[in-house]
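One line per chain: the protein sequences are A and B, in this order. Okay, so the first sequence: first residue is 1 according to the numbering used here, each after it adds one. Okay, so the second sequence: first residue is 114 according to the numbering used here, each after it adds one.
It should be emphasised that the hints constitute simulated quantities derived from the structure, not laboratory data. Keep in mind it's a predicted model, so treat the numbers as computed, not measured. Careful, some of the hints might be misleading.
Partial pick of chain A residues on the chain B-facing surface, computed with a CB cut under 7 Å [said to hold, decoys possible]:
no., residue
1, G28
2, A30
3, Q41
4, D56
5, L60
6, T98
7, F104
Glycine included, each C-beta is placed from N, C-alpha and C at the ideal position.
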Amino acid sequence: EAEVAQSPRYKITEKSQAVAFWCDPISGHATLYWYRQILGQGPELLVQFQDESVVDDSQLPKDRFSAERLKGVDSTLKIQPAELGDSAMYLCASSLGTGAEQFFGPGTRLTVL
Amino acid sequence: AQSVSQHNHHVILSEAASLELGCNYSYGGTVNLFWYVQYPGQHLQLLLKYFSGDPLVKGIKGFEAEFIKSKFSFNLRKPSVQWSDTAEYFCAVDGSTLGRLYFGRGTQLTVWP
Numbered sequence: 001e002a003e004v005a006q007s008p009r010y011k012i013t014e015k016s017q018a019v020a021f022w023c024d025p026i027s028g029h030a031t032l033y034w035y036r037q038i039l040g041q042g043p044e045l046l047v048q049f050q051d052e053s054v055v056d057d058s059q060l061p062k063d064r065f066s067a068e069r070l071k072g073v074d075s076t077l078k079i080q081p082a083e084l085g086d087s088a089m090y091l092c093a094s095s096l097g098t099g100a101e102q103f104f105g106p107g108t109r110l111t112v113l
Numbered sequence: 114a115q116s117v118s119q120h121n122h123h124v125i126l127s128e129a130a131s132l133e134l135g136c137n138y139s140y141g142g143t144v145n146l147f148w149y150v151q152y153p154g155q156h157l158q159l160l161l162k163y164f165s166g167d168p169l170v171k172g173i174k175g176f177e178a179e180f181i182k183s184k185f186s187f188n189l190r191k192p193s194v195q196w197s198d199t200a201e202y203f204c205a206v207d208g209s210t211l212g213r214l215y216f217g218r219g220t221q222l223t224v225w226p
């Protein structure tokens, strides 16, 4: 069964350092989502791509976060510089299109010290 | 912006007990509704969804949910829980044209054998 792949699974970094997360969606899925899940809360959308274009980044802290999906396939989410409050689970999801079922990856657990 | 409320943060039941998890949302337009489940150590996965039609929706593993439009609710039910149902359950709503999901904070269900 096809799955969304994410790496790394765990990342520990010091504040002010740069971190990057990678996501490989299910083959053929045009829509890709990055969510942040703080402990004790539900996932919150950071950015949504349709192919290589950003369609929603209204909740992305653009002063420190960036995301790209250059060829419309895999995607990278970057934080620079990381802050203590960025400690969270970062989830990637993909779907065939907007409004279709979203399939989630295992996430990257980020700890900022 | 839409919001989703899950009333129970932690529910503890014995096997064979009945389950009902509450979910209310705030959005006046047409919505798509979802319940996701995260078993220990696993990815978020779709339990069931409501797009239109019969407001009583059946999902995997014997779960069902009822959409009550007048109450803005989408409660999850199971007549007899099993130890293997121990997991975190998330209600999510999509009322946008972009397929953006708004999640509740989740309910941790613990089932004792």
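Hint check results:
| no. | hint | verdict |
| --- | --- | --- |
| 1 | G28 | violated, 16 Å |
| 2 | A30 | violated, 11 Å |
| 3 | Q41 | holds, 5 Å |
| 4 | D56 | holds, 5 Å |
| 5 | L60 | violated, 13 Å |
| 6 | T98 | holds, 4 Å |
| 7 | F104 | holds, 4 Å |
In the structure shown, a violation is registered for the earlier hints numbered 1, 2 and 5, in ascending order.
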